[in-house]
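Engineer: Chain A is already provided as a structure; the job is to place chains B, C and D on it using the hints.
4 protein chains.
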Amino acid sequence: MAPQDPALDALLAELGALDRELVLLVERRGRAALEVAVRVRALGGSAKDAARATTALAPPVASAAGPFDPHELAVVVELVRAQGAALAEREGQPALHVRRGAGEPDRRLVVRGHPIGGAPIVIAGPCAVESAEQIDATAAFLAARGVRFLRGGAYKPRTSPYDFQGLGEPGLALLSAAARAHGLASVTEVLDPRDVERACEHADVLQVGARNMQNFALLREVGRARRPVVLKRGMAATLDEWLLAAEHVLALGNEELILCERGIRTFEPRTRATLDVSAIALLRQDVPFPIVADVSHPAGRRDILVPLARAALAAGAQGLMVEVHPDPVRARSDAQQQLDFPGFDRFLAALWPDGRVPG
Amino acid sequence: MAPQDPALDALLAELGALDRELVLLVERRGRAALEVAVRVRALGGSAKDAARATTALAPPVASAAGPFDPHELAVVVELVRAQGAALAEREGQPALHVRRGAGEPDRRLVVRGHPIGGAPIVIAGPCAVESAEQIDATAAFLAARGVRFLRGGAYKPRTSPYDFQGLGEPGLALLSAAARAHGLASVTEVLDPRDVERACEHADVLQVGARNMQNFALLREVGRARRPVVLKRGMAATLDEWLLAAEHVLALGNEELILCERGIRTFEPRTRATLDVSAIALLRQDVPFPIVADVSHPAGRRDILVPLARAALAAGAQGLMVEVHPDPVRARSDAQQQLDFPGFDRFLAALWPDGRVPG
Amino acid sequence: MAPQDPALDALLAELGALDRELVLLVERRGRAALEVAVRVRALGGSAKDAARATTALAPPVASAAGPFDPHELAVVVELVRAQGAALAEREGQPALHVRRGAGEPDRRLVVRGHPIGGAPIVIAGPCAVESAEQIDATAAFLAARGVRFLRGGAYKPRTSPYDFQGLGEPGLALLSAAARAHGLASVTEVLDPRDVERACEHADVLQVGARNMQNFALLREVGRARRPVVLKRGMAATLDEWLLAAEHVLALGNEELILCERGIRTFEPRTRATLDVSAIALLRQDVPFPIVADVSHPAGRRDILVPLARAALAAGAQGLMVEVHPDPVRARSDAQQQLDFPGFDRFLAALWPDGRVPG
Amino acid sequence: MAPQDPALDALLAELGALDRELVLLVERRGRAALEVAVRVRALGGSAKDAARATTALAPPVASAAGPFDPHELAVVVELVRAQGAALAEREGQPALHVRRGAGEPDRRLVVRGHPIGGAPIVIAGPCAVESAEQIDATAAFLAARGVRFLRGGAYKPRTSPYDFQGLGEPGLALLSAAARAHGLASVTEVLDPRDVERACEHADVLQVGARNMQNFALLREVGRARRPVVLKRGMAATLDEWLLAAEHVLALGNEELILCERGIRTFEPRTRATLDVSAIALLRQDVPFPIVADVSHPAGRRDILVPLARAALAAGAQGLMVEVHPDPVRARSDAQQQLDFPGFDRFLAALWPDGRVPG
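Chains as they are written, first to last, in the working numbering: chain A, 1 to 359; chain B, 360 to 718; chain C, 719 to 1077; chain D, 1078 to 1436.
Read the hints as simulated data drawn from the structure, not as lab findings.
This list has only true hints and no planted wrong ones.
Quick list of in silico lysine to aspartate or glutamate cross-link-like pairs, DMTMM-like style, CA-CA up to 20 Å:
hint, chain 1, residue 1, chain 2, residue 2
1, D, Lys1125, D, Glu1155
2, B, Lys407, B, Glu437
3, B, Lys407, D, Asp1240
4, C, Lys766, A, Asp334
Extracted from the complex, chain A is given alone in its bound form (with noise of 0.2 Å):
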């Protein structure tokens, strides 16, 4: 509790009085900032050109009356010319479209007569399309518990390069028809610019995932698809990476977009990776896109996912990825975390009283 006294009351009137004071000087000077932004661009400039112009000049060396040291007013010096600076860059410019507007509902996707962004969504099947019977089988299985996203990889990353690295075209040719034959939509990964657009002749949804957040050249060509893109965050990025990387894809115009936390690298050795379930209520906040959690990855292994899917969904996201396989132990990869069909049947029911998705 801070001490009462007249005097110290007419000191802190004057302490107000300076911040008032403050707040004036520090939007006329971000108007004058301004001004020069809109001179700088119709001389021809850049919004960066616009923003530098704003601090070409060195800032004002600190008076020798004050009784901070020139490091602690050079901070706050530099922090106002950085706002005016960034109010020059976004002269002219877009906000970031990732960011939820004030009062933004939530965004809803449809995508093959599917919702996307309301009650939860499962996206569920095998980490790669390995054959015609696998791929239909496991469409058959999701279908008939309510799943309507079937995912399955055709290019798979893979950490060695002698590991199997998906059927290519044939898999993504697979995967669609299975999807369709069930009435599901494919969800599937791509990994290089130049196949985006077949990718696009054969799946519903578009994936980039975390080795590839980054991948701009690949972002930019997504960006430009006209398909749903659900954007992996990569295993040590932070949320504002993330959220530029999905700026990237919005920028070229496709608003389809679907962010899927993954889980971010730490040293805990228990798991491979620690799902960041903080990551997923604070989207929610900041971003009106839907938002689900892939719960295979970070777990590893199988004895888990049913508590991280209830903790995803609790903290607010809107669907789950996991991955099932008829024979997760002949997969030909991941077969330490995929569920195989009773397992699902599990995993359902422990998520739902019915044990199907609901809706």
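Structural biologist: What follows is chains B, C and D alone, placed relative to chain A:
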């Protein structure tokens, strides 16, 4: 899919026979290691001596004939030897107390009549006890909302030596008076082994904070105390390190243990720590003791406490810890993350339909 | 110290005999796994199929007699089976190219007459090529100080889509003209597999950046190129992931590989990344290819470039990468970490007595 | 490059004038905050009370006219208010002792005649004191090689309660007897505030380990001791947290401080921790006290001790700490990382031409 072929089947059958032979040989070796251990203990050696004796002989050199390179073979031999040594070390020793025995049910504690380990509990209160008015007002407020555990620090672990260090023993007395006046159990952190006895005179539950998770002198003193202990996870502790820290408490006979996940340190700057819901899920499997989650510290901000609390409970946490202060902006520590009373009412209302802790 | 006792000695002798038996049995099993592999390959199976075949049979259940619990025994059996599977997979396959063979000497590359892999090299230049004047002035300045490698980005990986993305192909032409005019080899980053061919027409050395370390489409294209490649470590990549990324390049026949440590992401906020000197030390043991260290990016500031450079060289790095710009405050990217010309002169003077790169 | 234009120049001049006005206003506000502080202290308030008083009034609301959104403006106002609060808090308080004053030279300590803080020292010895023979043999060996500081643990911080916990006070006596017999200064770790006094009776230098870096009860006791203290960095401690932990020691009057970097916890599995050479470089700038580097613990293996030691010294470390044991395979702790005598001879020979610590 593996190809089918009779010659292959014969080779596979041979492989299977060799696997069975391997099991028998490893078991024989295990029994031999145990005999060594029994002999070493009979000669007055310690458990560690017994373990070391089993690896006193140099490992055999791989023969030249084999297909493995010597390094690979050494890994197998070292594993078998290490397991034998572990077996030898356990000979005559108890298993880890902290691990759930086969089929062992969840432990339930009862503190001042309030159960822990079943329906979710809430441990709430200010970061630090600051005055009789502050802690009593908080206790009255919390008790009216079904909270049964009042937290408040008398000894504060402060990063800077120039920050408020807590009221010390007078703070303990204020906390416990407020708790008793309103039928609550009190929870307080201890920092110094020399304070444990005094803390036990006042508080119902002791807490060991994240910074002291491996303060073994403190853990031993707390292990000798006859009070339940909340042991928080260190900010960069693996689950195994945390469980072994808990074992220090259990090994001295204090079995009233509560584990508290409070977030781990990662690279993400938007939150103070990353709440690790996988840890909650894994501990609920591996440990019979109650697990609670502190949501205030990992968040370091108020706006995501509700989704973090929901996620922690969904992952299996049996309770929540949250900081509540009558006037957070004037709080002497952690001002930015403590909830005020209306904020805590909104928090409860978001978690439970009638705005009270159930039960 | 283990106690001495004849009965104990007899028991230890028996343990030693069992260890030798174990080695022989594991080798027999290895040969049996190899025979399985040979048969699977003869039947048209892939290396992975061969590996999987060796584990197609369920592992044997532990007998009831043994002292181990079944889980422990399973770990041994699984290890032996996994080693057999690895042996089977390698059958008929090359070893990892990236690993140093027994007794293999360091690789030396020569680019435009300048050797890499012996005495330390310096790769210097601006973050981005901005103009003919900028890059030519830099090239002239660097050449006069014994620098032989000129870096400069034409395609810039930028976190935000609204930041300067580089000049593209014109930037490549400016870079290579400046390099040739001053007898330097040019180094430039590629982002898009479709740009690799064009980049090869201009640049002497290609670079794959940290964000693209696991951009496998790009790695493959670079693996097909006939140009040396600098592969930077991803910011959260383990050494094994980095080496396997390098293997993607080597597997396609490009053996002119240079690995560049550039810091890993940690919790420490004072530097942009943590330069991992252990990684340099370990790679120098395990890998015959040249290792260099980028000191500008991990520092993210200018004041510790000298000690970081000294530490990197002391740990075994065969070169340094550092950002130098004629006018860093007006630079279009990375302004806060690029050295200006007098700063680079001080940097060289601190590292080498005559203020020049030796050799 | 910013475009050139007279109208722009006029606008820039106005911006410069506003920057100078800003400096004056912030200084005025700083002086007003100081007056508040003086008054609060005169009324009996603490430094924290003084700080809080300056922010007791709500910050002003941004006027509607300005170009910034209220959030941006709030950041500036909050920064200025926070700086004012910091100024108020420092009023009548000492600056941080741990920071190097302007122009302050490096501190030199002398322990038993051996200087610390100039030419590199080596602190070597076993992880734990195990017997008179072991520690005396080590002391004799080290003294003959120019080592002047003998380390050895009597109280061991052990992750598991069932591991060897050290010999306790008898271990202290053995350590100090061995050190004195060979003209060495002894260094030993303390874990419990109650052991500090006894440790001071035997040892020349106290050590606070990584796990206890924020054990404030221990830091305070060590701060009251009249012995030099080696304070190791916590395994996930930021530099600022480490420096504030050191400040706990200095604040109680013990200015014989030595800081020891020992690696930070990261995701990389090949080493036990990541030696942070940037931390060494930054501390050498910011702190006048000696900085040493423990190379054994971050490595967790023997094969990279030489390059780590070279890198630490190159980054500015004024000493090395390394574990040496006469018979590492029989050591009771840290067997895999301790050097044996021939290994330590090779280590010295790699670092210094005559195979001895110079000086």
